[in-house]
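Asks: Since the structure of chain A is provided, determine the placement of chain B on it from the hints.
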Amino acid sequence: MQRLLVTLALVLAATSAAAQVAIQEYPLPPRLHAHDVWADPAPDGPVWFSAQRSGQLGRLDPKTGKVDLIALGPNSAPHGVILGADGAPWLTDGGQNAIVRVDPRTGAVTKWPLPEARGYVNLNTAIFDRDGIHWFTGQNGVYGRLDPRTGDLKVFDAPKGRGPYGIHVTPEGVVYYASLAGSHIARIDTATGQAAVIEPPTPGQGARRVWSDSKGIIWVSEWNAGQLSRYDPRTGQWRQWKALGSRPRVYAVYVDERDKVWVAEWSAQVMLRFDPATETFETFKSSSATADVRQIHGRAGEVWTPESAADKLVVYRSR
Amino acid sequence: MAHGGQRIEFCCHAPRDGSGVEMPQGCSIRPAPPVTRASVTPALFARRVRRYFGLGLGLAVATLAALAAAGAQTLEGPRLFQRCYACHSLDPAERGLSGPNLRGLFGRRAGTLEGFDYSPALRRAGARGLLWTEETLDRFLEDPEEFVPGARMGGVWLRDPAERRALIQWLKEAAR
Chain A
0 MQRLLVTLAL VLAATSAAAQ VAIQEYPLPP RLHAHDVWAD PAPDGPVWFS AQRSGQLGRL
60 DPKTGKVDLI ALGPNSAPHG VILGADGAPW LTDGGQNAIV RVDPRTGAVT KWPLPEARGY
120 VNLNTAIFDR DGIHWFTGQN GVYGRLDPRT GDLKVFDAPK GRGPYGIHVT PEGVVYYASL
180 AGSHIARIDT ATGQAAVIEP PTPGQGARRV WSDSKGIIWV SEWNAGQLSR YDPRTGQWRQ
240 WKALGSRPRV YAVYVDERDK VWVAEWSAQV MLRFDPATET FETFKSSSAT ADVRQIHGRA
300 GEVWTPESAA DKLVVYRSR
Chain B
0 MAHGGQRIEF CCHAPRDGSG VEMPQGCSIR PAPPVTRASV TPALFARRVR RYFGLGLGLA
60 VATLAALAAA GAQTLEGPRL FQRCYACHSL DPAERGLSGP NLRGLFGRRA GTLEGFDYSP
120 ALRRAGARGL LWTEETLDRF LEDPEEFVPG ARMGGVWLRD PAERRALIQW LKEAAR
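Residue numbers (numbering that gives the first Met the number 0), protein chains in the order written: chain A, 0 to 318; chain B, 0 to 175.
Next up, chain A with everything else stripped away, as it sits in the complex:
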């Protein structure tokens, strides 16, 4: 089906003359509730997204705007989607309480259900480490690992109970996750599976997602506090920057290839780009009054956002 490709070609004034960004919006079929997004690293490659409400994996071709949808199974409600080294999208499917892989060529769906004894763990987000181990979080108070080669799946109790949410890996292969309800981040020892809690300075800040930059600095979106924070594992030092507005809410964080930090802010429904060198935010807004951007991902020159409330994928292209 041909989809209308809406190009706003908004070139927004930025604080520096060189920092211009073009916004392009891709409409999705209604009622998908696109939650997470993952852009294939190849220029013009597909952009995958989790259609949480419809229980599907979505694939957008940015060249044509065409959207393909693959059903994941009964009761599916996928939260996260990431791309594995095998080129396949992997989903953390809360509805099916399973890790799900979709073959990008055949569309075949493979599932790794969580142990029944664990009950419903509210699967959230995942990342692959450098050894190809799939690490995942469950908001009901767990994290875990799946070895796709053997199918070995282990679930660990999170050190402070419910909350494990976003998860990422540094270039050195160190895995961190954020605990929203627990208001902390944690570092996972990938050899033992043990998680060590690292407390941000702001009490009750609601650390929601984490992302590493190219140097292994950890950036954290703090939902309750409305802050972007930075943790340096080498020194243990923290810094925080509050988003603009009277009661900001910072949901997602992503670090682009230039080590600029993007966050999704919900109070004003805008995207913010933070420059660590100048410690300033730039503001970008799509045409959606309410976007509810829950995750961010990108590739060279492009930052992609799923607008869960507007049924769109929106790309911010830096020139």
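Do not rely on the hints blindly, as some may be mistaken.
[As the list claims (entries may be wrong)] Stretch-level coverage of chain B by chain A, calculated; a stretch enters the list once three of its residues show a Cβ under 8 angstroms from a Cβ in chain A: (1) 144–155; (2) 160–171.
[What the hints assert, rightly or not] If we take Cβ atoms under 10 angstroms as the criterion, some of the chain A residues that face chain B in the derived model are: (3) 30; (4) 118; (5) 137; (6) 138; (7) 139; (8) 179; (9) 182; (10) 203; (11) 205; (12) 222; (13) 238; (14) 308.
Because the hints were derived from the structure by calculation, they are not lab data. This one's a predicted model, so the numbers in the text were calculated from it and none came from an experiment. The beta-carbon is built from N, C-alpha and C at its ideal position, and this holds for glycine as well.
Replies: Then chain B, alone, in the frame of chain A:
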């Protein structure tokens, strides 16, 4: 509803020792619910058994059936509440989660728990009069975005009516 029928049957049982203890008000004049498969309550089943096998066995069956029904709900409620647990608490002291505290939920106007930062959609729904009752909660849990578009309770729903009933009945006690 089978649950309501069950409650009527038990409260209307006359004392078996003939001591004349007063029955709860209204019990004697309530009509029995139509007998369908769903409304064959433990007590009604017991009466039928008693007719054939005598009083003692009937009592034993009624007790076991009631215990089984209560036990099923007791087990099913916490299992279904795992869907809610990441964002909601029943402990009134536990605030700061990404969903509002559920203690005192029934009868509360939507979007009005003090100190919680609701979505604009839920605040508007509350201002228009949405109260949380068994019925409204049933419709909300079936599809939150359909019932209150923009509610932002993404990814959680219970499509199975029996599961919604079990969760709501359990919550009525647990959230009290």
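Asks: Next step is simple, just say for each hint if it's right about the structure.
Replies: Hints, verified against the model:
Under the rule that three or more residues need a Cβ within less than 8 angstroms of chain A, the assignment of the stretch 144–155 of chain B holds, with 6 such residues. Counting residues of the stretch 160–171 of chain B whose CB lies closer than 8 angstroms to any CB of chain A gives 0, so the stated coverage by that chain is violated, three being the minimum. Interface restraint check for residue 30/A: the shortest CB-CB distance to chain B comes to about 8 angstroms, inside 10 angstroms, so the restraint holds. Taking 10 angstroms as the C-beta contact cut-off toward chain B, the hint placing residue 118/A at the interface holds, the least distance being around 5 angstroms.
For residue 137/A, the shortest C-beta to C-beta distance to chain B is roughly 8 angstroms, which falls under 10 angstroms, so the interface hint holds. Interface hint status for residue 138/A: upheld, as the beta-carbon distance to the closest one in chain B is roughly 4 angstroms, under 10 angstroms. Checking residue 139/A against chain B: minimum C-beta separation of about 5 angstroms stays under 10 angstroms; hint holds. A cut of 10 angstroms between beta carbons decides the hint on residue 179/A: the least distance to chain B is about 6 angstroms, and the hint holds.
Using the Cβ-Cβ criterion of 10 angstroms, the hint placing residue 182/A at the interface with chain B is satisfied: the shortest such distance is roughly 8 angstroms. For residue 203/A, the shortest C-beta to C-beta distance to chain B is roughly 5 angstroms, which falls under 10 angstroms, so the interface hint holds. Annotation: residue 205/A was flagged as interfacial toward chain B, and the flag holds, the nearest CB pair being 7 angstroms apart, inside 10 angstroms. With 10 angstroms as the threshold, the beta carbon of residue 222/A comes within range of chain B, its nearest partner Cβ sitting at about 7 angstroms, so the hint holds.
For residue 238/A, the interface hint is violated, the least distance from its beta-carbon to any beta-carbon of chain B being 23 angstroms, above 10 angstroms. Nearest Cβ of chain B to the Cβ of residue 308/A: about 7 angstroms, under the 10 angstroms cut. The hint holds.
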